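S.K.: Listed below are the residues making up each chain.
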Amino acid sequence: MNDNRDLSFQWNRRKINDVILYALIYICASLSVVILVGIIAYVFIRGVGSVNIGFLTSVTSVLKGTVGIAGNIVNTVLIIFLTMILATPIGVGAAIYLNEYAKPGKLVSLIEFATETLSGIPSIIFGLFGMMFFGQTLGMGYSLITGSLTLILMVLPLITRNTQEALKTVPDGYRQGAVGLGAGKWHTIRTILLPCSMPGIITGVILAIGRIVGESAALLFTAGSAKALPKTLTGIFSKIFESGGTMTVQLYLSATSEGDFDTAFAIAVVLLILVFLINIGTKKLTKKYDVTREK
Amino acid sequence: MKNKAKINAVEKTAKSIFMICAVIAIFAVCSITIYMIAKGTPALKSVGVLKLLFGTSWAPTANEPAYGILYIILTSIVGTAASVLIGVPVGLLTAVFLTEISNKKLAAIVNPAIELLAGIPSVIYGLLGLMLLNPFMYKMEKMIFEDSDTHKFTGGSNLISAVIVLAIMILPTVVNVSASSLRAVSANLRAASYALGASKIQTVFKVTIPAAKSGIMTGVVLGIGRALGEAMAINMVAGGSVQIPLPFNSVRFLTTQLVSEMGYAEGVHRQVLFTVGLVLYIFIMVVNLVLQKLRKGANTDE
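Read top to bottom, the protein sequences are chains A and Y.
Just so you know, we're using our numbering here: the first sequence kicks off at 1 and counts up by one.
Just so you know, we're using our numbering here: the second sequence kicks off at 1001 and counts up by one.
With the rest of the complex left out, here is chain A:
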């Protein structure tokens, strides 16, 4: 009798335990959805009213009475362009070396250690280093090029790793086939490996662009915060050596020192839309990439 009661008691306790844990799991899982929906809803409600063509094409000026982020958009695009045009070949090159040339050994583990370490360094440290090295030692001051050079170090691991993953999925038979036909290594890389791993490389590039768009700490100390629009077409080139704040940096300044929350939320809307697009883009690509892997 007694035993029986004990068992049913245990059984009940187990059930109660299960129910509590289930409840906790459901609460935690829904939490992230609630937070996301909350963030998006709040940002859009507060900000979407201030986003219009004028906001996107003019520059904030007390004299003209306009509020806009055109200058920041140009700065963002320039920084993305400058960073990626250097970071992509370097990152892809590093991945090719690691996957196709290097034999496992000290150098490779050192390079991999360095890449891992780079991806773990927070952006504020990159900002400090960029300010000291590119800005002061090399004398480039606060400028878009200082910011871009700093960001290259930051996004390099992303591109290297994505390219490496892509190169790993290219079947060895392709390489052997190419060698069998008399192709050299460089020829194989150029005509077979790179085209095959293109989706992976592009995924890395898009992820890197996403990081640059969201970056603020590394840019505040290196690229500064100027928001003027270049006046002439050649001004765009000289802009590279001048200070310029990206949209994210402007959001930070609007929300803190300038206390202009309408602008801050409007920029937040623009940034969220960009984040969506980047997310969808990488998803589409990864899907494509998985299909080739299954073959």
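Since the hints were made in silico from the structure, they are not lab data.
For clarity, every value in this text was computed on a predicted model and none was experimentally measured.
Backbone N, C-alpha and C fix where the C-beta goes; we use that ideal spot for every residue, glycine too.
Each hint should be verified, as a subset may be incorrect.
Claimed, not checked - Sample of chain Y residues at the chain A side, in silico, Cβ under 10 angstroms:
#: 1; residue: 1025
#: 2; residue: 1185
#: 3; residue: 1186
#: 4; residue: 1222
Based on the hints, put chain Y in the right spot on chain A.
M.R.: Here is chain Y on its own, set in the frame of chain A:
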């Protein structure tokens, strides 16, 4: 013959160019380390190691300046630990939901939500913390410290706000890494547990999670690294005075100290800020080394 020589030359150049690309990462890490040490150590001499690292008074612009960064270091440690304590259980349970419990439809809602959370720029978290958390904290503060004479009112910029923002920001990292390690647990283990009469929940908590332990630890350490290094978001919500890290105190983290004072600091003040950067760098490097050890361990397990 000539053609072959040309091809050989091309091959050699290609190889050396790729090698240079790969070595850039090593150069970058070395030069960052050298710069952080070179710039971060002079203040240790000019201020004194003990006074700097264990001093509790921070008054860089006073007539008799004091440069104690102990509270800043403590704030970073306490803030990171607290956010990990909140973020990890929530993240782990979410990962359990995604891999063990949810059907495909629900996972198709939760998974993208987490991916998007990871992509949102940190300043947006800061902006929302500033607009939503801080006013709420101010109300709480007014209620709790109504009769206190010693409490300095902060307007809601305090440690709790920063911890909440950090916990949300590390959530995606913890969820993704834990979920992939839970997925890697062999189905045989689960089946064996069910065969012994364990319920689903018992299987998850007594079998699956322990089996995925090393992967989950990796997620935790990654989360610690992210929380330690986050600067902009918490700079907007944590306030601006160097104080003991108590929940309702306005505090400065290692990172926020750099963000808010680097712009105007000069002389010894600037040197000390570089030391703050060096301390942060050392913390991050320790986290990185632990992480790489964990990953290596996980690899040899397989």
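S.K.: If a hint holds in the structure, say so; if it doesn't, say that too.
M.R.: Results of checking the hints against the structure:
no. : hint : in the structure
1   : 1025 : holds, 4 angstroms
2   : 1185 : violated, 17 angstroms
3   : 1186 : violated, 22 angstroms
4   : 1222 : holds, 8 angstroms
Violation of the numbered hints given earlier is confined to hints 2, 3; the remaining hints are satisfied by the structure.
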